[in-house]
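Note that the protein sequences, when read in sequence, are chains A and B.
If you read the first sequence in the numbering used here, its first letter stands for residue 385, the second for the next number, and so on.
If you read the second sequence in the numbering used here, its first letter stands for residue 4, the second for the next number, and so on.
Keep in mind that the hints were calculated from the coordinates and are not lab data.
Some hints could be false.
As the list claims (entries may be wrong) - Result set (BS3-like, lysine-lysine): computed pairs, CA atoms no more than 27 Å apart in a straight line:
(1) B:41 / A:489
(2) B:41 / A:479
(3) B:60 / A:475
(4) A:538 / B:41
(5) A:449 / B:27
Claimed, not checked - Ranges of calculated distance between the beta carbons of each label pair, as one might list FRET restraints:
(6) B:134 / A:388: 46 to 52 Å
(7) A:501 / B:26: 43 to 49 Å
(8) A:498 / B:126: 50 to 56 Å
(9) A:502 / B:109: 48 to 54 Å
The beta-carbon is built from N, C-alpha and C at its ideal position, and this holds for glycine as well.
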Amino acid sequence: MIQDLNIELVRVDNRLVHGQILESWVPYVNAQCIVVVDDTIAGDVFNETVIRMAVPSKINLIINKVEDFAHNYVFARNSGKNTIVLFRSIKDACKAFDMGFHFDKLNIGNIHHDEFKVCCSPSVFLCDTEIDDLLKLLENAGVIVELKRVPREKAVNIKEALKNICQI
Amino acid sequence: MIGVLITTHGNLGSELIKAAELIKGLLIDVLHVSVDQKSNVEEIKKEIGSAIKKLDKGRGVLILTDLFGGTPSNISLSFMKEEKVEVVTGVNLPMLLKLSEIKEGMSLRESACFIKEHGQKNIYVASELLSKKALG
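Chain A with its partners taken away, still in its complex shape (with noise of 0.2 Å):
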């Protein structure tokens, strides 16, 4: 179990490593490594060198399924590496938490479906599955759940959110 990483940032977007995640949130959490769990880009030879082109070398990258992720990885605050661990939606982001990485704070960037149930905000369209999800999360487990793109973005509350079509 790999115990060195400083998580400050978990994060569901489905762009995964892109302008916002490099140009505003790396800097703001002074982040020294990324993590991509994501099934379809780990051991996509192709992929993989997109995303290690793109982000700086001084960052640690490491590029993980979400099994493998939430088996070795521990959601820790604790001295060791600022860490950004990124998922592409929110099924994998729940997929891990059941698996034992149990964040605390879960932020959303970009989700989008053709099909969606609810606009949470200009980036974020959720169907049902992923407001089930999401609801398991804040009522089950406690997590906060904010939907911001960037640092500066004031914080939509997901309660907020999706107080028209739920009762939370």
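Let chain A serve as the given structure and place chain B on it in line with the hints.
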């Protein structure tokens, strides 16, 4: 002709094209795909794919994108193919103005390097330039 596709955050690309056309007149075989907060990655992929098809007249397509590591760049890179699609990041106005000088005999790779060099060469700190001129 090599086709040119500009992929950027927001309307940067279409505004760059407008600015270049203001200076040089109509740009031929240049298209733009914009990526904003509301765009779905799969949709952008489709849009870029069909733009490449439209632009490729046999000599390939040069994609000029704004920020290496950004979404427009990441998606553009997924289309990379030898002598079919080449990607140059850090697009600026001098690069667009130079597109008309890509020669018929240049390969896609050579064209990409030509445009990159021109884009880089045209970044100056004015006072450094002045002091060089003063020194003669």
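How the hints compare with the structure:
no., hint, result
1, B:41 / A:489, "24 Å, holds"
2, B:41 / A:479, "26 Å, holds"
3, B:60 / A:475, "42 Å, violated"
4, A:538 / B:41, "18 Å, holds"
5, A:449 / B:27, "50 Å, violated"
6, B:134 / A:388: 46 to 52 Å, "48 Å, holds"
7, A:501 / B:26: 43 to 49 Å, "47 Å, holds"
8, A:498 / B:126: 50 to 56 Å, "41 Å, violated"
9, A:502 / B:109: 48 to 54 Å, "51 Å, holds"
Violated hints for the displayed structure, listed by number in ascending order: 3, 5 and 8.
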